[in-house]
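Enquirer: All chains, please: the whole structure from these sequences, using the hints.
Line by line, the protein sequences give chains A and B. FYI, this note's numbering numbers position 142 of the first sequence as 142, with every residue one higher than the one before it. So the number in this note's numbering is just where the residue sits in the second sequence, counting from 1, plus 367.
Quick caveat, the hints were computed from the structure, so don't treat them as lab data. A hint or two may mislead.
Mimicking EDC-like on lysine to aspartate or glutamate, the simulated pairs with C-alpha atoms at most 16 Å apart in a straight line are [what the hints assert, rightly or not]:
(1) B/Lys596 / B/Glu407
(2) A/Lys229 / A/Asp186
(3) A/Lys244 / A/Glu283
(4) B/Lys580 / A/Asp186
(5) B/Lys596 / B/Glu517
(6) A/Lys213 / B/Asp553
(7) A/Lys213 / B/Glu487
(8) B/Lys596 / A/Glu195
(9) A/Lys191 / A/Glu314
(10) A/Lys191 / B/Glu525
(11) A/Lys229 / B/Glu562
(12) B/Lys580 / A/Glu71
(13) A/Lys229 / A/Asp157
(14) A/Lys229 / A/Glu150
(15) B/Lys455 / B/Glu487
(16) B/Lys558 / A/Glu150
(17) A/Lys81 / B/Glu681
(18) A/Lys191 / B/Glu686
(19) A/Lys213 / B/Asp557
(20) A/Lys229 / A/Glu195
(21) B/Lys558 / A/Asp157
(22) B/Lys596 / B/Glu525
(23) A/Lys244 / A/Glu169
(24) A/Lys337 / A/Glu150
(25) B/Lys580 / A/Asp190
(26) B/Lys704 / B/Glu616
(27) B/Lys455 / B/Glu429
(28) B/Lys448 / A/Glu195
(29) A/Lys263 / A/Glu283
Label pairs and their calculated CB-CB ranges [unchecked claim]:
(30) A/Arg355 / B/Gln618: 52 to 62 Å
(31) A/Glu76 / B/Gly658: 23 to 33 Å
(32) B/Gly555 / A/Asp186: 15 to 25 Å
(33) B/Glu536 / A/Gln292: 31 to 41 Å
(34) B/Thr509 / A/Asn135: 40 to 50 Å
All C-beta atoms, glycine included, are put in the ideal place defined by N, C-alpha and C.
Below are the chains, spelled out letter by letter.
There are 2 protein chains.
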Amino acid sequence: MEIPTDRVEKAQRLLAEQNYDLLVLFPSSNMLYLSGFYDEPMERMLFFVLPREGGPVFLVPELYEGQVKEETPFPEVRVWKDSEDPRKLLQRTLAELAPGAAKVLVDDGMWALFLLMLREALPGADFALSSRILNTMRMRKTPGEIRFLEEAGAVADEAFEEVIRLNIEGMTELALASAIEEAMRDRGADKIAFETLVASGPNGALPHHRAGKRRIEYGDAVILDYGCKIRGYCSDITRTIVCKRATKEIQAVHDIVNSAQEKAVQAAGPGVAARTVDRSAREEITKEGYGQRFIHRTGHGIGLEAHEQPYITESNALELQEGMAFSVEPGIYLPGKFGVRIEDIVVVAQTGAERLNRCSHALQVVG
Amino acid sequence: MEIPTDRVEKAQRLLAEQNYDLLVLFPSSNMLYLSGFYDEPMERMLFFVLPREGGPVFLVPELYEGQVKEETPFPEVRVWKDSEDPRKLLQRTLAELAPGAAKVLVDDGMWALFLLMLREALPGADFALSSRILNTMRMRKTPGEIRFLEEAGAVADEAFEEVIRLNIEGMTELALASAIEEAMRDRGADKIAFETLVASGPNGALPHHRAGKRRIEYGDAVILDYGCKIRGYCSDITRTIVCKRATKEIQAVHDIVNSAQEKAVQAAGPGVAARTVDRSAREEITKEGYGQRFIHRTGHGIGLEAHEQPYITESNALELQEGMAFSVEPGIYLPGKFGVRIEDIVVVAQTGAERLNRCSHALQVVG
Chain A
1 MEIPTDRVEK AQRLLAEQNY DLLVLFPSSN MLYLSGFYDE PMERMLFFVL
51 PREGGPVFLV PELYEGQVKE ETPFPEVRVW KDSEDPRKLL QRTLAELAPG
101 AAKVLVDDGM WALFLLMLRE ALPGADFALS SRILNTMRMR KTPGEIRFLE
151 EAGAVADEAF EEVIRLNIEG MTELALASAI EEAMRDRGAD KIAFETLVAS
201 GPNGALPHHR AGKRRIEYGD AVILDYGCKI RGYCSDITRT IVCKRATKEI
251 QAVHDIVNSA QEKAVQAAGP GVAARTVDRS AREEITKEGY GQRFIHRTGH
301 GIGLEAHEQP YITESNALEL QEGMAFSVEP GIYLPGKFGV RIEDIVVVAQ
351 TGAERLNRCS HALQVVG
Chain B
368 MEIPTDRVEK AQRLLAEQNY DLLVLFPSSN MLYLSGFYDE PMERMLFFVL
418 PREGGPVFLV PELYEGQVKE ETPFPEVRVW KDSEDPRKLL QRTLAELAPG
468 AAKVLVDDGM WALFLLMLRE ALPGADFALS SRILNTMRMR KTPGEIRFLE
518 EAGAVADEAF EEVIRLNIEG MTELALASAI EEAMRDRGAD KIAFETLVAS
568 GPNGALPHHR AGKRRIEYGD AVILDYGCKI RGYCSDITRT IVCKRATKEI
618 QAVHDIVNSA QEKAVQAAGP GVAARTVDRS AREEITKEGY GQRFIHRTGH
668 GIGLEAHEQP YITESNALEL QEGMAFSVEP GIYLPGKFGV RIEDIVVVAQ
718 TGAERLNRCS HALQVVG
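Expert: Right, dumping it as structure tokens:
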């Protein structure tokens, strides 16, 4: 992926400001953000090493050499072979780039395997999380980044419009999940952003139930929670639909969640604390007597990761700023019965916040 | 997932034998293997804490409480809310379960975020990787595990038979990847095991090229590398096909890779060193003049992870034992032109090794 090379310079300025010697990334959204190269985390050592001064160096398994050179603008790519111990190359490189490095930042998601390898290579160094500098850079999205988030959101919206035309009665959750993913791919999604959730009937009361083999029944509430990636940027949408018929209870709970979602979106804007957004949703649900059944935060940031900062929780005092993108997704979960959740992504604008998901919030009676 | 509870007892015996006080797992295949609960790694603290003696304790975000209790046989589940700092629950629990724990094992893939949290909760403790005890347990598969690997392999085989009937000329790599994944789902795959690779024409020379937007052309060699999960267990197969016509060069390279693959499978068996299997493939390719173009190891173990121990490399002296399952996947990569790789999963038997993938190795001329 083509990425602006001034990101590396900015990261180096932040390293210097916070008095860190070195940043080490493994395959992650941070690596994609700074270098343009992405792959899933893997057991082979593949590092992007950025000293406070001087150019970055890639340490890569031989079979990735071609890909890394094609996808990143940085010329310094050092290679190790599957038959070698990568620790040797790591030792040599660190001794050369950052002799005596004492303060090192690593990916928040770096595997223990690699963190322990780094600790061995830099005994006595102090390790901390790269989010210290990379959150600052990544949390406020540029107009270009917002455009990708918007495209990814539009694909998710269109997929919703398509799947609510299906006859879902008797379909397994997995089959409906497949249909959603297929619809996103047909509309240009590069890949799915996370494992698609389809939680029908009582499964809906487990907020992170994945799609399973249960067949959707007449009268079920069904939570659909899914998203895709466009050029690395994620979408994430949740709608709750019903199969053929909505009971009064489902309709009533849906109305409450919808109104809580609306209140929270209305509350968001520059200078507003994240927890104020959470509170707006939570108060609405509590007022209706379901406070104990809203068992998670109101939202999470989104960008190259489906979940990233800022988190919209009861306790987060962070002040929102223009360009921050996050989900607003209150829910109510009734064990043994059903669950309802409604989620849109919003971006903080000059005033207020703008939704990136635009498909209807009305309770859809499907199939 | 239902899992044998004696696994936890065995892990505790190994902890004691190796003089470790505590094992801490986060969402991973190790957590699935020992506890029956699985989800993707996540930013919320979700730990399975196993002291050397006494029962294990789950520490889970409130929204996972229902799922964890449903999916695992262990009754001790402690909950934190999104509005709380999970470190407090962690501190309290560790002080109670393993006061003064000095030697701690963590998931090899545990995020730095959580390892640093643990280090803070247990200052002065020595951390090492849980593979020290869990590899011993997981590397040799039981007949029940082999049955799942076999089922997952059969689904991958059948998907291959289906997609070679497509007209692939003009299809994008991504569309062909979708077709493969759809075919696996239709045949009962629970999910895909890893992002499907479709590498056409010159992309095939990059061993880990993912599916992209390139359209397959007349005469292209196309590497298909994919797999699915059945009850958590993975398959992983690679075949190289050609679009409508095979040049003599592609056919010749394919023959060499196929013969190298066959030699390596023949070499495998109980008591044989992993590196001997690697050498069998490598010598065959080197003999034909392509040694420098075989730029990765011959294989990797497989089970609940698509890649796990044992690794079949030039340097691994580990002796294979009955029940070990791994890939045999030599390849030849010609930059700017094409690549060929052929992969089957094998299981070490009483004598020799048995293939779990049974679809033909002949070069398929497709659509």
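Enquirer: Please verify whether A/Lys191 and B/Glu525 have alpha carbons no more than 16 Å apart.
Expert: violated, 24 Å
Enquirer: Is it true that the CA of A/Lys229 sits at most 16 Å from the CA of A/Asp157?
Expert: holds, 13 Å
Enquirer: Are B/Lys448 and A/Glu195 close enough, with their CA atoms no more than 16 Å apart?
Expert: violated, 23 Å
Enquirer: Assess, step by step, whether the Cα of B/Lys580 is no farther than 16 Å from the Cα of A/Asp190, and give holds or violated.
Expert: Holds: B/Lys580 and A/Asp190 sit about 9 Å apart, inside 16 Å.
Enquirer: Are A/Lys229 and A/Asp186 close enough, with their CA atoms no more than 16 Å apart?
Expert: This hinted pair holds, its Cα atoms lying about 13 Å apart.
Enquirer: Please verify whether B/Lys596 and B/Glu517 have alpha carbons no more than 16 Å apart.
Expert: holds, 11 Å
Enquirer: Between A/Lys229 and A/Glu150, does the CA-CA distance stay at or below 16 Å?
Expert: holds, 11 Å
Enquirer: Compare the distance between the alpha carbons of A/Lys213 and B/Glu487 with 16 Å, and conclude whether the hinted pair is satisfied.
Expert: Given pair A/Lys213, B/Glu487 is violated - Cα atoms ~41 Å apart, limit 16 Å.
Enquirer: Within 16 Å, alpha carbon to alpha carbon, are A/Lys244 and A/Glu283?
Expert: violated, 31 Å
Enquirer: For the pair supplied as a hint, B/Lys455 and B/Glu429, confirm whether the alpha-carbon distance does not exceed 16 Å.
Expert: Given that 16 Å is the threshold and the Cα spacing comes to 15 Å, the pair holds.
Enquirer: A range of 52 to 62 Å was offered for this pair. Does it hold for the Cβ distance of A/Arg355 and B/Gln618?
Expert: For B/Gln618 against A/Arg355, whose Cβ atoms are near 56 Å apart, the range 52 to 62 Å holds.
Enquirer: With the threshold set at 16 Å, check whether the alpha-carbon distance from A/Lys191 to A/Glu314 stays at or below it.
Expert: violated, 32 Å
Hints 3, 7, 9, 10, 16, 18, 21, 24, 28, 33 from the list above are not met by this structure, while the remaining hints are.
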